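Modelling step: build the complete structure from the supplied sequences, incorporating the hints.
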Amino acid sequence: MTTPDPVTHDARPGFELSGTVRRIRRTARLSQRQLAAAAGLSATTVAQVETGRRSLSATDLAALATVAGLRLVLLDAAGEVVPPMRPDAVRDDGGRRYPAHCDVRHGDEGWWYLPHRAHRAIPWFTFDLRPHEPLQDDDHPSPAPEHDPRSRRARREHVERVAQAARARTARVEAMLRRLSGEPDPLAELLDPCGCLPGCEELLVGDDPEGQLDPHVADCPCRCDTH
Numbered sequence: 001m002t003t004p005d006p007v008t009h010d011a012r013p014g015f016e017l018s019g020t021v022r023r024i025r026r027t028a029r030l031s032q033r034q035l036a037a038a039a040g041l042s043a044t045t046v047a048q049v050e051t052g053r054r055s056l057s058a059t060d061l062a063a064l065a066t067v068a069g070l071r072l073v074l075l076d077a078a079g080e081v082v083p084p085m086r087p088d089a090v091r092d093d094g095g096r097r098y099p100a101h102c103d104v105r106h107g108d109e110g111w112w113y114l115p116h117r118a119h120r121a122i123p124w125f126t127f128d129l130r131p132h133e134p135l136q137d138d139d140h141p142s143p144a145p146e147h148d149p150r151s152r153r154a155r156r157e158h159v160e161r162v163a164q165a166a167r168a169r170t171a172r173v174e175a176m177l178r179r180l181s182g183e184p185d186p187l188a189e190l191l192d193p194c195g196c197l198p199g200c201e202e203l204l205v206g207d208d209p210e211g212q213l214d215p216h217v218a219d220c221p222c223r224c225d226t227h
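Following the UniProt record's numbering, the numbering of the sequence shown begins with 1 at its first residue and continues without gaps.
Treat the hints with caution; some may be incorrect.
[Said to hold, decoys possible] Computed beta-carbon distance windows for the label pairs:
{"id": "1", "residue 1": "70", "residue 2": "145", "range": "52 to 58 Å"}
{"id": "2", "residue 1": "183", "residue 2": "91", "range": "55 to 61 Å"}
{"id": "3", "residue 1": "102", "residue 2": "62", "range": "24 to 30 Å"}
{"id": "4", "residue 1": "55", "residue 2": "145", "range": "41 to 47 Å"}
{"id": "5", "residue 1": "75", "residue 2": "127", "range": "25 to 31 Å"}
{"id": "6", "residue 1": "101", "residue 2": "162", "range": "36 to 42 Å"}
{"id": "7", "residue 1": "91", "residue 2": "138", "range": "16 to 22 Å"}
{"id": "8", "residue 1": "75", "residue 2": "96", "range": "27 to 33 Å"}
{"id": "9", "residue 1": "214", "residue 2": "168", "range": "49 to 55 Å"}
{"id": "10", "residue 1": "154", "residue 2": "55", "range": "34 to 40 Å"}
{"id": "11", "residue 1": "166", "residue 2": "66", "range": "53 to 59 Å"}
These aren't lab readings, by the way, just hints derived from the structure by calculation.
Just so you know, these numbers come straight off a predicted model, no measurement behind them.
The beta carbon of each residue, even a glycine, is placed where N, CA and C say it ideally should be.
Right under this line is the structure:
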């Protein structure tokens, strides 16, 4: 009666653990006992891995590779090295990393301004789960002072002040050019739409209570309530 071979990592497609360890040992030109001692493992472990009778943790495999001057990396479909996520990425208020499969965004963007959350302190970061959309970044950002919501608000306000000043300068230049060209200024009519005759103003500021109901002279073409 034969017993089935144990299922090991060698059976997984795309990676052969036993052959990889043997390649490491050949590159290092060491015996099983020497390689195991250099990586802090037992010689029995290395022997069983090479024969496919046991698995090996990624940490121990990396230790074996280091002995041979090699390193473990991830490769994409084009054969390019895919680096690990940065260890100093931002964390939540509890010191926990944000979910690796989600995009991290600034906490002051969007929903934190809803009324029922107005009393809560704005967090520096939160995350979005959009499984059907491509990732916005290749990694989560590293914390920096400029990520403070107060600093971000101050920068937004500064940018808006600069933009308002630029718009005001543009409006003044355009108005000056219109005056020089003799064109009517549309802003003047918006700022002072009243076309009442001088007598209307006298009725408005007079002491006659009945005159306040309709403070316009008989032939006033405007009859507005703004003069």
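Name the hints, by number, that the structure is in violation of. 1, 9, 10
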